[in-house]
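Chemist: We have chain W; now place chain B onto it with these hints.
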Amino acid sequence: MSRETFRIGFLPLVDAALPILAHELGFAAEAGVEVQPVRDMTWATVRDRLLYGHTDAAHLIAPLAIATALGRDRPPVELAVPFVLGLNGNAVTFSTTLAKEVGLGATLGDPAAIGAALRSIAVARKPARPLRFGVVHRYSSHNYMLRYWLAGVGIRPDEDVEIVVTSPPFAADALAAGEVDGICVGEPWNSIAVDRGVGHIALATAQIWRRGVEKVLAMRTAIADDRRDAVLALIRALHKAAAHFVDPEAAEECAAILARSEYLDAPKDAVLRAITDRIRIVPGGNPLHYPDFMFQYREAANFPWRSQAAWLYSQMTRWDGLSYSPRDAATATDVFRPDLYRAALAGSAAPLPGASSKLEGGLEGPTGAGSVQGRLMLGSDRFFDGRAFDPDDIESYLSELP
Amino acid sequence: MRIAIIDTSAGRAAVISDGLREAGLDDLVIIEPAGPLAAQIEAAAPEVVLINLENPSRDQLEDFFTVSRALAKPIAMFVDQSDAEATGAAIDAGVSAYVVDGLSKQRIKPVVDLAVRRFQAFSRLQRELDEAKGALADRTAIDRAKAILMKRRQIDEPAAYALLRGQAMRTNRRIAEIAEAIITSEELMGDQP
Chain W
1 MSRETFRIGF LPLVDAALPI LAHELGFAAE AGVEVQPVRD MTWATVRDRL LYGHTDAAHL
61 IAPLAIATAL GRDRPPVELA VPFVLGLNGN AVTFSTTLAK EVGLGATLGD PAAIGAALRS
121 IAVARKPARP LRFGVVHRYS SHNYMLRYWL AGVGIRPDED VEIVVTSPPF AADALAAGEV
181 DGICVGEPWN SIAVDRGVGH IALATAQIWR RGVEKVLAMR TAIADDRRDA VLALIRALHK
241 AAAHFVDPEA AEECAAILAR SEYLDAPKDA VLRAITDRIR IVPGGNPLHY PDFMFQYREA
301 ANFPWRSQAA WLYSQMTRWD GLSYSPRDAA TATDVFRPDL YRAALAGSAA PLPGASSKLE
361 GGLEGPTGAG SVQGRLMLGS DRFFDGRAFD PDDIESYLSE LP
Chain B
403 MRIAIIDTSA GRAAVISDGL REAGLDDLVI IEPAGPLAAQ IEAAAPEVVL INLENPSRDQ
463 LEDFFTVSRA LAKPIAMFVD QSDAEATGAA IDAGVSAYVV DGLSKQRIKP VVDLAVRRFQ
523 AFSRLQRELD EAKGALADRT AIDRAKAILM KRRQIDEPAA YALLRGQAMR TNRRIAEIAE
583 AIITSEELMG DQP
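Protein chains in written order, with my numbering: chain W, 1 to 402; chain B, 403 to 595.
Same shape as in the complex, but just chain W:
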């Protein structure tokens, strides 16, 4: 029997793991589909290949999927996100010079305290040469997480500092060359900056938002409709790959596969540290265990909550300087497709949330959540400033933000 093939675009990042492992470890074949990973170096190219049919699906930064559906900077194309490839897994890394000035310690510090120290430096630097931060894309969660934190500690992202775009594999170089004073990128690129002695990790993005949506599996809606059965099989394959990826026994093997030249082309040790939530903060230091640095499976992490898309839309509105539009909010929210996720995993052991949207940032600690299948517990999903996001009242939320 011939299996349907999904060519899946990806960037060399640890959170491209699930499609790669589904292919390498047979989860795709077991589900009756074939996955062909297609490696690129920029999100622009991953997106273009997806839109023009060079690929069938892509490992994509979630805000870019939404921006594409909304037609920001280009004609809109309908996209569907039936599966979240992971939460968090990024970090904010300072140059060693800035780290010294801010007084970063050998452990992950408090976001508010680091922010306060950073603020006085940003203000002092502003007249001559403002501090400059690199993010991986304008429409990336990295950009929104960094901006959320900066604004929350009183640093205006577009006025007090500069935020520029740096491709992940070149972020450590930009830091080393002094082109930027800090970066917010995914792994293993923070760890590589630390190992090269040019960076000091200031924060994990999980400290900014404990359960922040990160990469997603995106495809054209036309593909999701026309090849629905195969798409559902692909979701089952990725879900199995996720369960395997978080198994501590499998970490070594997963890291070895991902480190290969055709995937991340990065040192295995740096990849392994990210997978096992062990982060080396300072050059030469011992890796520190920070639980849930990356979050790929538990608590139905792969479920595409419509409220996550709504939060990203709220940040897009905030930083693109546009006013809230109910129509755009609906378009953005509709990109996330919990219906496909449920259809794929109904009848399996996976817990399926009953709701498709939730209050984001409202949980202090493990809380039982309504489910239509299995038992679902959700852990703390706090933002560092304690705010919560109600997807049904984006306007009030926006008006209360700094």
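Facing chain B, from chain W, some residues (calculated, C-beta under 7 angstroms): (1) 41; (2) 42; (3) 43; (4) 44; (5) 45; (6) 48; (7) 52; (8) 137; (9) 138; (10) 165; (11) 167.
Cβ pair distances, simulated, as ranges: (12) W/32 <-> B/456: 31 to 37 angstroms; (13) B/523 <-> W/267: 37 to 43 angstroms; (14) W/260 <-> B/532: 21 to 27 angstroms; (15) W/30 <-> B/456: 30 to 36 angstroms; (16) B/590 <-> W/286: 41 to 47 angstroms; (17) W/402 <-> B/444: 27 to 33 angstroms; (18) B/523 <-> W/402: 52 to 58 angstroms.
Honestly, the hints are just simulated from the structure, not real lab data. Backbone N, C-alpha and C define an ideal beta-carbon position, used for all residues, glycine too.
Modeler: Only chain B this time, still in chain W's reference frame:
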């Protein structure tokens, strides 16, 4: 119409600019890949930007287009849905194009079409060059192996070549592979009697 070319391959940039010049489009700026991207684009103020699809600076470039206030008009991507076929062909060829918003399609199309043809021609050339390089490396290896055989076995060149060829035929391998094996063994054991 000023056209900027950004390419990680200097050779391909030259092939494209030659083609554009031949077509009478000679207001060209080739962006230095090692230099600062934004500053160069800003200084050039192009109406059309051609960039290779796999260029690692594409995200940076798109961001610059979005935030830049220096350019007179915002630059939009060449993604007219009515012409998906042409855009698809460009992506297949590995070229991405950005144009100033409002530039008429009749003026842009020949530029992009030409860039696509040049990109394809360049890939073909690259392939041929790789093959030629491979052939040259094979020749060098075979010559060295022949010299080793001639010296060690005290035979003439035709006999040395016949030995290589015979071994290749018997083992179903390429003559160059046999030659490589002889060179390796000579390097490791050449000092043994």
